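Trainee: Residues per chain, in single letters:
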Amino acid sequence: MLDADLISVSFGGVRAVSNVSLSLGDELLGLVGPNGSGKTTFLNAVSGVVPATGRLVIDGTEVPLGRPRSSWKAGTARVFQAPQTFEALSVLENVLLASSDGRWRGGIGTWLARPAMMRAERTRWVAAHEALELVGLGAEATHAAGLLSYGQQRLLELARAISGSPKVLLLDEPSAGLNDAETNGLADLLLEVRRTGLPMLLIDHKVDFLDRLCDRLVVLELGEVVAQGTPEDVWSDQRVINAYLGAPTNAGG
Amino acid sequence: MTDLDVPPVADEAAAPEPTGTARPAWAPWWPTRREHATLRPPALARHQYLTVFAFITALWVLVPQVITSRQDQFNTNLWIAYSIAGIGFYWMIGLAGRAAFCQTFMMALGGYASAWVTRSWGDDAFLLGVVVAMVATAVVAGLIAVVVRKAQLFFFAIATMAVTQIGIEVFTQTESFTGPNGVTSGISPPRIFGTEYLRDTEIFPMFVVILTMVLVAGAALERSPLRREAIASRDNPLVARASGVSTVRVQVVMFAAGSSLGGLAGAMIGHWTGVISTNSFSFDLAIGIFLMVYLGGIGSMWGPVIGAAFYVALPNFLTSFEQYNTIIYGSLLLVVILAMPKGLVGVIEKAWSAGTSLVRRNREASHA
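In the order they appear, the protein sequences are chains A and B.
With the numbering used here, the residue at position 84 of the first sequence is 84, and numbering never jumps.
With the numbering used here, the residue at position 313 of the second sequence is 1313, and numbering never jumps.
Hints may be right or wrong, so weigh each one.
To be verified - From the structure, some residues in chain A lie toward chain B, with a derived Cβ separation under 7 Å: (1) S47; (2) S70; (3) W72; (4) R78; (5) S90; (6) L92; (7) E93; (8) G106; (9) G107; (10) T123; (11) W125; (12) H129; (13) G164.
None of these hints come from the bench; they were simulated from the model.
Please read these numbers as outputs of a predicted model, since none were measured by experiment.
Ideal Cβ positions, reconstructed from N, Cα and C, are used throughout, including at glycine.
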């Protein structure tokens, strides 16, 4: 579904992601690694938010890098680490933005073809509202997005991401800032979405959360892939333990 | 229930087996289909057209009653023309976040273009001239917007100021289009189907009709997908693009549409006063439009209308302090920015909501 080949991202002289290749099939893939290992930067590269080099193929089509809209057109949808909602818009409008239905959204629909525009809008409203119902924000649809709590904004972002009928869902630490109960609720929700056959790439730090969701894990350290496999294999891998806890030394022992 | 409790999505037993298709069809297996009315985003509420209707009716009925002097009638007409240019400016800066300082250039261009059309095709070509003015400004603005599409905030503001400076210089040079030294005089008065609108009192109803159309177009924009995409492009272009919004297209459309209102206002002023010169659209007016929109309120299309009224009326109240006008305008702008960032519209809204909540509380108290 998603094939990333030798993706590199540099900021000035710093190589944040170095020749990372990974392939995502019909699965929920976890991307883990210590802070600063380049997970988010890799996701940024895939969603076109930062300039990158390498080759990215989504669903058989090569996607130009560094162009968010091209990545979106190719079928990626992104949930950001810090919720990125549009506070000046209503909850429903936030979701509507990502609608994959582009009919009559420009100046002609606005001023000349209003009946056609309103017809298209009605079908978009229904679809957006369904996405909101799925994440449990149906009752807040007409509220201003700025009034939502932090956790609700995350859910809103998730609704926005899935409402565009993406081919790949990119989730950047969706459980950050949530307590255990909330994290469990989120896992249920993601599994519910996953059941529709939507592949996901998930960054997170919570091991239980990852183990419950992920079919496979890829471990990054210092911008490079150091291990991959099933969660059990990965967590018992010595390189992963070293990456998280530091390599054992003989000092004192 | 806390904010973050995720309600169960669907009854597990009722949920059909996942079909396993590669692309999720968001087929609703959860029973959520409601009436469209409840799904309608608040921005698409219908009352906006009613507000336009009420405002225009009040204008139509009250203005002839209130106005006593020719100067008042002139100012009222000028207010309407400036309101239209201001609404265009609001579309660009308020909704799309593009600080376009070339609205005066667009007004001049519209004025010259329309004057040129009536000069070439005769006095009856007034309506054609207005249309040409709007199309010409929209096309020029569209080209500018495409060229400077990457420029953000200050760079965009400076680029549009540069366009204005260059444009004014070009207007003074291209005398076959603009007249000697960029002064076109003797522009034919508005003529629609053989009826000539010469005096200010005759111009007024025609201007009100045009303002009505602009306000309806403004309300239509407020109730459209374009508005939310413009706001998204303004507030966070990167996330908007990652959500599939073509921010460049949206900003080009908004800039062209807003500029064409500038062209419309310029054409109206040209045919009404009979004269277009580069001086009538000087840098002072550029600041003036900025003041109108911010004084009135940057968050609503009614802001420029209220702000323009203030801008046109203020010198009348301050005739004895004429030499201090610039200082007064500057101070006003400061007061607005510091004390009422939502402008006069924000103050009115606050008063309105305070009033309605007072009424509600009184009613509840009397019921209790």
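Trainee: Now look at each hint and say whether the structure bears it out.
Mentor: Comparing the hints with the structure gives:
The beta carbon of A/S47 is positioned within 7 Å of a beta carbon in chain B (closest approach about 6 Å), and the interface hint is therefore held. Because the closest C-beta pair between A/S70 and chain B is about 9 Å apart, greater than 7 Å, the hint is violated. A hinted interface residue such as A/W72 counts as satisfied when its beta carbon comes closer than 7 Å to some beta carbon of chain B; here the least separation is about 4 Å, so the hint holds. Satisfaction of the interface hint for A/R78 is found here, the shortest Cβ-Cβ separation to chain B being roughly 5 Å, below the 7 Å cut-off.
With a cut of 7 Å, the hint placing A/S90 at the interface with chain B holds, because the nearest CB-to-CB distance is about 5 Å. Taking 7 Å as the C-beta contact cut-off toward chain B, the hint placing A/L92 at the interface holds, the least distance being around 5 Å. This hint holds: A/E93 has a C-beta 5 Å from the nearest C-beta of chain B, less than the 7 Å allowed. Restraint check, A/G106 versus chain B: the minimum CB separation of about 6 Å is within 7 Å; hint holds.
Interface restraint check for A/G107: the shortest CB-CB distance to chain B comes to about 5 Å, inside 7 Å, so the restraint holds. Against a cut-off of 7 Å between C-beta atoms, the interface hint on A/T123 is violated, since the closest Cβ of chain B lies about 10 Å away. Interface restraint check: A/W125 against chain B, minimum CB-CB distance 4 Å, threshold 7 Å, status holds. With a least beta-carbon distance of about 5 Å to chain B, the hint placing A/H129 at the interface is held under the 7 Å criterion.
Nearest Cβ of chain B to the Cβ of A/G164: about 6 Å, under the 7 Å cut. The hint holds.
Violated hints, listed in ascending order, are 2, 10; each of the other numbered hints is respected by the structure.
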